[in-house]
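A.B. asks: Below, each chain spelled out in residue letters.
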Amino acid sequence: MVVVNRTVTAAPGTGTTAPELRLVVTDIAETAPLIKSFTVAAADGAPLPGFVAGSHLLVRAGDRTNAYSLTSDGVAPTEYTISVLRVADGAGGSRVLHDSVEVGDTLAARPPCSAFPPIARASGHLLVAGGIGITPMVSHLRAARRWGRTVRVLYTYRPGRDAHSGEVLDLAGPAAELFDSGAAFRARLPAVLTTQPLGTHLYICGPAAMIDHVTATARGAGWPESRIHAERFGAGTLDPGEPFTVTLTESDRTIPVPTGTSLLEALEAGGVRVPSRCRQGVCGECVIPLRGGTPIHRDLYLGDHEKAAAIMPCVSRAARGTTLEVPL
Amino acid sequence: MSQIDYSSIPVWARSPRPDPTPPDITGSCYLLVGIGPDAEPTVHEWSRALTGAAEFHTLLTADIGRGRTLLAAALRTARVGVRVRLAGSVGDCLALRATATSAGLEDDELQVAPTAPGTRQLFCAHCRAVTAVHTEIGDITACSGCEQELVVYHHVSRRTGQYLGYLAHGEEWSS
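Chains as they are written, first to last, in numbering that gives the first Met the number 0: chain A, 0 to 327; chain B, 0 to 174.
Calculated from the structure, these hints are not laboratory results. Built from N, CA and C at the ideal position, the CB exists for glycine as well. Be a bit skeptical, because a hint or two may be false.
Calculated from the model, a selection of chain A residues having no Cβ within reach of chain B, i.e. all distances over 10 Å [what the hints assert, rightly or not]:
#1 21
#2 44
#3 72
#4 97
#5 98
#6 100
#7 188
#8 198
#9 211
#10 222
#11 253
#12 257
Using C-beta positions, here's what the derived DEER-type ranges look like [stated by the list, open to error]:
#13 B:145 to A:302: 41 to 47 Å
#14 B:7 to A:49: 29 to 35 Å
#15 B:157 to A:145: 26 to 32 Å
#16 A:157 to B:68: 48 to 54 Å
Using the sequences plus the hints, can you model the full thing?
C.D. replies: This is the structure we're talking about:
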């Protein structure tokens, strides 16, 4: 299964690879209770970088940088639209956007980033969304219409919280099934998963429990990992971890990594510069080679075959009292 | 490390030997395809193991053309959850894989048990003729279409199951 994580948080000003865009808010719409859609454009209306369906925008809000799925059309865009759920007990990025940002304000964002694209060789696309997880599916549906792709969407939400349901019905027509009851959705799911023509790929976005349920049901129906694509949001908070040490083999130094401090933070505090962006185990920017030790990988980026020789220091660590060796 | 480690030729097509990995049993339905008498014991073994455990269908034929037609027909109505297992010569298995891939099958839905090397289908990059050859990868052999000498290159097409052949010594200057 391919998993990416959508609510990425990053310290401000980190990451140097992509130039920042300055985008003016041109429209704010209340899509559903607690969900606002923000449309942004270049100040001079100039064309913006295009994007693949399912891409997200890293938006800086206050001292947070969060990833939000783009719901607009990615072909030759002059504006971007994102939908933001106000998370009252989140890190604060969504509260700033909801409570402080007005039409005419300027936001800083990085160009769109693709981590949840439609699979080009698929002959059909089954989109399963829960709640705010509908957002990447809206751009999938737009692309499906543009390119004539066969698509089906199951969308489950709490009563009254049907963000983008009008667009979903407009874009997918009879291929859309909407559920305002989790029980009805779960009752319907097996019949859909056991009747998809060969060549169909499955895309899931929603709360972790919903993704786990759909993934398990799909596996039980014989879906192989290659056909299951999930995008998580609401990152499970990682535990602070145990203290360990890292040996820098090139500079012949050893740096302790206390509990509650990430390996990346420890390296930075030690004066070692490691490029980073999301600092949440998602984007892959901070990957460094690994030469020794037994890491505890907690990222959502490295493939199994890559984990033997690389580590993402923003989230991954080692067991208490052990040592990792990196060629820095 | 030789170039073949990075080639498009699947591991099972390089040096046929029994697959050490146990059969995948995560599917909801299985298509068991055997080409030629040598493939029958393998297919029968698969059938026995799946009897009572999962839905399966066997396609046994000595004719690769008919095998491809039957597999394509079965996959046209197949649902996600299906698994395909192939037994036969490497050349026949590559041809069947091409049929399965074109029908939308993914690599992790396919298992292959080659019974013998068999012939390779060699595609001529110059005249597009396909020649059945018994030579090894890297050897030089004559094209049945343009009669030029072709190198059997270490690339096999997923879409057709044919090896790429191109003009031997084509890059050398001659006057």
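A.B. asks: Check the structure against each numbered hint from earlier and tell me which ones fail, lowest number first.
C.D. replies: Numbers 8 and 10 - these are the hints that the structure violates, sorted from lowest upward.
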